[in-house]
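Following the hints, complete the assembly by docking chain B onto the known chain A.
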Amino acid sequence: MAKITYIEHNGTNHTVDVQNGLTVMEGAVQNNIPGIDADCGGSMACATCHVYVKEDWFDKINKKNEGEDDMLDQAYEPKKNSRLSCQIIVSDDLDGLVVDMPEKQT
Amino acid sequence: MIKTDALIIGAGPTGLFTAHQLKLIGLDCEIVDNLDKIGGQCIELYPDKPIYDIPAVPECTGEELTNNLINQLKPFDIKFHLSERVDEVKKDGDKWIVKTNKGTSFTTPNVIIAGGVGSFEPRKFSVEGHEKFENKSILYSIKDKNIFKGKTVSIFGGGDSALDWAVELSNNCNVNLIHRRDEFRGAQATVDKVHELTKSKKINLFTKFQLKKINGSNKIESIDIEDDDKKIENLKTDYVLGFFGLIMQLGPIANWGLNIDKKTVEVDTEKFETNQKGIYAVGDICNYPGKLKLILSGFHEGALAARACFKLARPNEKYRFEFTTSSKAIKNRLGVKSD
Numbered sequence: 002m003a004k005i006t007y008i009e010h011n012g013t014n015h016t017v018d019v020q021n022g023l024t025v026m027e028g029a030v031q032n033n034i035p036g037i038d039a040d041c042g043g044s045m046a047c048a049t050c051h052v053y054v055k056e057d058w059f060d061k062i063n064k065k066n067e068g069e070d071d072m073l074d075q076a077y078e079p080k081k082n083s084r085l086s087c088q089i090i091v092s093d094d095l096d097g098l099v100v101d102m103p104e105k106q107t
Numbered sequence: 076m077i078k079t080d081a082l083i084i085g086a087g088p089t090g091l092f093t094a095h096q097l098k099l100i101g102l103d104c105e106i107v108d109n110l111d112k113i114g115g116q117c118i119e120l121y122p123d124k125p126i127y128d129i130p131a132v133p134e135c136t137g138e139e140l141t142n143n144l145i146n147q148l149k150p151f152d153i154k155f156h157l158s159e160r161v162d163e164v165k166k167d168g169d170k171w172i173v174k175t176n177k178g179t180s181f182t183t184p185n186v187i188i189a190g191g192v193g194s195f196e197p198r199k200f201s202v203e204g205h206e207k208f209e210n211k212s213i214l215y216s217i218k219d220k221n222i223f224k225g226k227t228v229s230i231f232g233g234g235d236s237a238l239d240w241a242v243e244l245s246n247n248c249n250v251n252l253i254h255r256r257d258e259f260r261g262a263q264a265t266v267d268k269v270h271e272l273t274k275s276k277k278i279n280l281f282t283k284f285q286l287k288k289i290n291g292s293n294k295i296e297s298i299d300i301e302d303d304d305k306k307i308e309n310l311k312t313d314y315v316l317g318f319f320g321l322i323m324q325l326g327p328i329a330n331w332g333l334n335i336d337k338k339t340v341e342v343d344t345e346k347f348e349t350n351q352k353g354i355y356a357v358g359d360i361c362n363y364p365g366k367l368k369l370i371l372s373g374f375h376e377g378a379l380a381a382r383a384c385f386k387l388a389r390p391n392e393k394y395r396f397e398f399t400t401s402s403k404a405i406k407n408r409l410g411v412k413s414d
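Protein sequence lines correspond, in order, to chains A and B. This note's numbering applies: residue 2 is where the first sequence begins, and numbers increase by one. This note's numbering applies: residue 76 is where the second sequence begins, and numbers increase by one.
Incorrect hints may have been included.
Facing chain A, according to a computed beta carbon distance under 10 Å, are these residues of chain B, among others [as the list claims (entries may be wrong)]:
1. His254
2. Asn330
3. Asn334
Chain A stretches covered by chain B per the calculated footprint, using a threshold of three residues with CB under 8 Å from any CB of chain B [claimed, not checked]:
4. 37-43
5. 85-92
Just so you know, these hints were derived from the structure itself, not from any lab. All C-beta atoms in this analysis are idealised placements derived from N, C-alpha and C, irrespective of residue type, glycine included.
If we strip away everything but chain A, and leave its shape as in the complex, we get (with noise of 0.2 Å):
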């Protein structure tokens, strides 16, 4: 189990406890989280449940994927520290996480 932050682009911040072995995004959608859409349900096949993972974070979490910065091309606004939630595997390491969300996925 994590606590993971989700802060929306207005500013508004979710923290919610996200069971290991679930993903990123699907702790975001179980528990109704706006601002990420997860349009293919995370086959990595549509870069909708992109977030920007925190600087001191990143480097801590799973590395990406082979083709999640492909799909990443394709995000909106993608920065450095883009990931795609779906792609991140939750664990207790990941305890106290934050991401922030884009101003819209599409």
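Just chain B now, with coordinates in the frame of chain A:
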């Protein structure tokens, strides 16, 4: 005005199999899809990715699945309206009038929405003021490459579309190619070609840059691009092309008076009918308790919606359930010999 027993919106796997079910029970149907090809998400998002949970098919790719579904429709004559988006669905007595953005119109008692997550649209630039140049000097697809002759064209993107056009247009235009990182996802041969053309100064390559600003009032004069370290370059340009892939937008479906929740349409699980009589939703776009976004669920939903269509298309006939193994009528429709 085209008359049909059922109009299917969406040519993905669910739409295709629903067409098959309609034809089997003796109804005619036509299919509209905004993409220029058949297959929906399977062909647009993951043509090469293997799928492992199609019943009786241990493994197949999105493209193979699509081809098999098209083959299954071969006995039937089905009209596809590709590169057309349904914009309007209006009630007309006990029929629906459906209009597309290309001006095609249909009259039908049954509309089946098999639209996945909506229609595919090109992903656009997000910088301020881009809208007023759109379709004039900012383009997301190319219809006539001759308009660029002798001009400066700035191409954004790192996939095959961006690279192919950079190579092609470098023949007779001044080409800037701008991409957010220094790796490309296009085919290796094209990537090599781009590097070659960059060396010979036929393409000006800017990697780790993104569009920051568009300058110009009536027409684009130049653009500012910014790299990861906030360094800005100003590029004179006549045209800006963006190739960032396609995104799915629910689009006009939202305006048809249907109960929509989180981009999905509420249906019953008997007919997969929406809150509007004669409009059904099947596949990823429908929502009911326990809904699974699996291709196999779409097949089931389409089969039931097709039976519901029969009632409205043939109000004076009684639908009789038949198996393909034994029904003479079905075998006739399939064009196979009965025993």
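request  = Determine which of the earlier numbered hints do not hold for this structure and return their numbers in increasing order.
outcome  = Going through the list in order, the structure violates hints 2, 3, 5 and respects the others.
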